[in-house]
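2 protein chains.
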Amino acid sequence: MLNRRTIVAALFLAGMCASQTTALAQTDPLPSWNEGKTKSAILDFVRKVTQEGGPNFVKPAERIATFDNDGTLWAEQPAYFQLLFAIDEIKQLAPSRPDWKGKEPFRSILAGNIKGLVASGEKGLLQVVAATHAGMTTSEFDQSVAKWLATARHPTKKRPYTEMVYQPQLELLAHLRANGFKTFIVSGGGVEFMRGFAEKTYGIPPEQVVGSSGVVKFRMGANGKPELFKEAKIEFIDDNAGKPVGINRFIGRRPILAFGNSDGDLQMLQYTVAGDGPRLALIVHHTDAEREWAYDRTSRIGKLDKALDEGKARGWTIVDMKADWKTVFPPER
Amino acid sequence: MLNRRTIVAALFLAGMCASQTTALAQTDPLPSWNEGKTKSAILDFVRKVTQEGGPNFVKPAERIATFDNDGTLWAEQPAYFQLLFAIDEIKQLAPSRPDWKGKEPFRSILAGNIKGLVASGEKGLLQVVAATHAGMTTSEFDQSVAKWLATARHPTKKRPYTEMVYQPQLELLAHLRANGFKTFIVSGGGVEFMRGFAEKTYGIPPEQVVGSSGVVKFRMGANGKPELFKEAKIEFIDDNAGKPVGINRFIGRRPILAFGNSDGDLQMLQYTVAGDGPRLALIVHHTDAEREWAYDRTSRIGKLDKALDEGKARGWTIVDMKADWKTVFPPER
Chain X
41 MLNRRTIVAA LFLAGMCASQ TTALAQTDPL PSWNEGKTKS AILDFVRKVT QEGGPNFVKP
101 AERIATFDND GTLWAEQPAY FQLLFAIDEI KQLAPSRPDW KGKEPFRSIL AGNIKGLVAS
161 GEKGLLQVVA ATHAGMTTSE FDQSVAKWLA TARHPTKKRP YTEMVYQPQL ELLAHLRANG
221 FKTFIVSGGG VEFMRGFAEK TYGIPPEQVV GSSGVVKFRM GANGKPELFK EAKIEFIDDN
281 AGKPVGINRF IGRRPILAFG NSDGDLQMLQ YTVAGDGPRL ALIVHHTDAE REWAYDRTSR
341 IGKLDKALDE GKARGWTIVD MKADWKTVFP PER
Chain E
41 MLNRRTIVAA LFLAGMCASQ TTALAQTDPL PSWNEGKTKS AILDFVRKVT QEGGPNFVKP
101 AERIATFDND GTLWAEQPAY FQLLFAIDEI KQLAPSRPDW KGKEPFRSIL AGNIKGLVAS
161 GEKGLLQVVA ATHAGMTTSE FDQSVAKWLA TARHPTKKRP YTEMVYQPQL ELLAHLRANG
221 FKTFIVSGGG VEFMRGFAEK TYGIPPEQVV GSSGVVKFRM GANGKPELFK EAKIEFIDDN
281 AGKPVGINRF IGRRPILAFG NSDGDLQMLQ YTVAGDGPRL ALIVHHTDAE REWAYDRTSR
341 IGKLDKALDE GKARGWTIVD MKADWKTVFP PER
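Read top to bottom, the protein sequences are chains X and E.
Going by the working numbering, the first sequence opens with residue 41, and the numbers climb by one from there.
Going by the working numbering, the second sequence opens with residue 41, and the numbers climb by one from there.
Chain X with its partners taken away, still in its complex shape:
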């Protein structure tokens, strides 16, 4: 029954629903962030870009927020978690690969000698990627990631990796989405690896995950069904200058907010703030050796040096983990 009265009633109710939603949102949306200038900078930014009729209003379609993953949404010490996954995979595959015992970097990995793996350099790393991220269909890879995430534990914190995420960031992602933002991951990590947990863990669907990738080929499987096969060939590295390129390729729109934690995020942050209108660039500074880790300019993982200087000079929002975050990780499940 569609008549004028029905329509008016619907619009009236829709209006009430909207005000009701606003009323419900009056509680602190970022309870794990300590009060201070960092939290205020975030809340003020969200407020001004969503204020209809205000000078800084941004249409919902243009409220694009991009987040690095390693060290920004979840931890990255003692090594990128995707590398820890690859090491576990090597160990699991080893019984069927007796030749690995005498071959670097596999010998080092199987002996628990991470320094040996590091010494094998980029060539060694690519061999590890080829052995654990290629030579299988995308579905098979998804299954191995799912299995690992369900069972593996962080070497020192002893928690599942999906609990090694930052509670303040989960709140920020939710707050942005509640304010009409579309949240994306833009990370140097492998896109298929991240898609294995991004939706459940961060509420970010696969189509909003931008990452590094290998070449994938379409082929007909043995059962006559089409499948996608992962080849041992790098296709795209979504890091440093690759990040704005990835943003352009996958999102096609410049973010108004970008959040990183290392020099690998510098170009994404530069590209973000170079747009017209209100922009917010944020950097997690790992300053908390007690609850998480403390590292920056000289770290082998997540080096933050140039971006820290440029961020300070340009007034970007530098999050001091120790001072700004009331809690780091979510409560154990």
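Where hints are given, some of them may not hold.
Copies of the same chain look alike in the list, so a pair counts if it fits in one copy or across any two.
The calculated DSSO-like cross-link candidates involving lysine-lysine, where the alpha carbons are at most 30 Å apart (straight line), are [unchecked claim]:
hint: 1; residue 1: Lys346; residue 2: Lys143
hint: 2; residue 1: Lys143; residue 2: Lys366
hint: 3; residue 1: Lys240; residue 2: Lys99
hint: 4; residue 1: Lys77; residue 2: Lys265
hint: 5; residue 1: Lys273; residue 2: Lys257
hint: 6; residue 1: Lys257; residue 2: Lys346
hint: 7; residue 1: Lys362; residue 2: Lys352
hint: 8; residue 1: Lys257; residue 2: Lys198
hint: 9; residue 1: Lys222; residue 2: Lys99
hint: 10; residue 1: Lys99; residue 2: Lys352
hint: 11; residue 1: Lys163; residue 2: Lys273
hint: 12; residue 1: Lys143; residue 2: Lys163
hint: 13; residue 1: Lys143; residue 2: Lys131
hint: 14; residue 1: Lys346; residue 2: Lys265
hint: 15; residue 1: Lys257; residue 2: Lys99
hint: 16; residue 1: Lys143; residue 2: Lys240
hint: 17; residue 1: Lys273; residue 2: Lys141
hint: 18; residue 1: Lys187; residue 2: Lys131
hint: 19; residue 1: Lys346; residue 2: Lys163
Please keep in mind that the hints were generated in silico from the structure rather than gathered at the bench.
Starting from the structure of chain X, add chain E where the hints point.
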């Protein structure tokens, strides 16, 4: 004021709003589709995947629909519109490029000799792409597309290209979105070209457009601002077997509905129906020489041969444009 009563009231109102939306949707969502088995197949599919508790229910997050663009969402005769754009650009740039007068394929284009352009083959086409789609920043390219779309007219229909879209498909896109689907373009067309009109014309935002692309580099512009520069090098062709690869790369989830019109869509359709649960594969068959064009197995543009055979054999939904579409193009503005 957040108390129990407020929450109950909010939930109650939210419930009423939801039912109201349902009531409003009782009118025919596809008025430009004639009644018959094609329209029923579409409406039945949408109904069954959205029926909560039903055997074919699909969660909203998994309701991914992918549409080819040329010949599926808008027309593609007498040539792909992006090629017509490139030809117009060549003509406009010609005064500053006197060397083109003696050089193929430019000489043919400037003489209005399309056969000469075709005769120059892939090499000629790549030269045209290099001259019109590269050697500039992404912003400069966006501006040239916007200018062309605002002023150019189709050579025989004399309408703006953004009015050469199919009204029945606009209704289908809207109906899918109203039912929780996320609609994507997956097309052989250039991704940046399509993003120039997809949002306004189809309601499909840039981040849901998958297409072919050239290499883009990040660099610091003369003004010290970062920019993205388009190079004359093909990066990815999103056609044929490239379509499922593009879907995996950009969307990361298998569609439950895919719509194409040519052999270039075959692998996307195969990949779509190979998934578990309900799937719908659709093909526009151009059968309407009067209102649009009639072509299939022997056409140079939008050849539909293998996909037509396979579609018929496997019971895919073949849209007979002449019989199934009440109107083809939207009313003139």
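Evaluated hints:
1. Lys346 to Lys143: For Lys346 and Lys143, neither the intra-copy (37 Å) nor the inter-copy (48 Å) Cα distance is at most 30 Å.
2. Lys143 to Lys366: neither (47 Å within a copy, 68 Å between copies)
3. Lys240 to Lys99: So Lys240 and Lys99 pass the 30 Å test inside a copy (27 Å) and across (14 Å) alike.
4. Lys77 to Lys265: So Lys77 and Lys265 pass the 30 Å test across copies only (28 Å; inside, 56 Å).
5. Lys273 to Lys257: Classified as both: same-chain Cα gap 11 Å, cross-chain 21 Å, threshold 30 Å.
6. Lys257 to Lys346: between (38 Å within a copy, 21 Å between copies)
7. Lys362 to Lys352: So Lys362 and Lys352 pass the 30 Å test inside one copy only (18 Å; across, 64 Å).
8. Lys257 to Lys198: Neither: 37 Å inside a chain and 41 Å across chains, both beyond 30 Å.
9. Lys222 to Lys99: For Lys222 and Lys99, the Cα distance is within 30 Å both inside one copy (12 Å) and across copies (20 Å).
10. Lys99 to Lys352: within (29 Å within a copy, 44 Å between copies)
11. Lys163 to Lys273: Cα proximity of Lys163 and Lys273: in one copy and across copies (12 Å, 27 Å).
12. Lys143 to Lys163: within (13 Å within a copy, 46 Å between copies)
13. Lys143 to Lys131: Result: close within a single copy only, 14 Å intra versus 60 Å inter.
14. Lys346 to Lys265: between (49 Å within a copy, 17 Å between copies)
15. Lys257 to Lys99: between (38 Å within a copy, 28 Å between copies)
16. Lys143 to Lys240: neither (38 Å within a copy, 57 Å between copies)
17. Lys273 to Lys141: within (24 Å within a copy, 43 Å between copies)
18. Lys187 to Lys131: within (14 Å within a copy, 58 Å between copies)
19. Lys346 to Lys163: Intra 27 Å, inter 43 Å, cutoff 30 Å: intra-copy only.
The structure fails hints 1, 2, 8, 16 (numbered hints given earlier, in ascending order).
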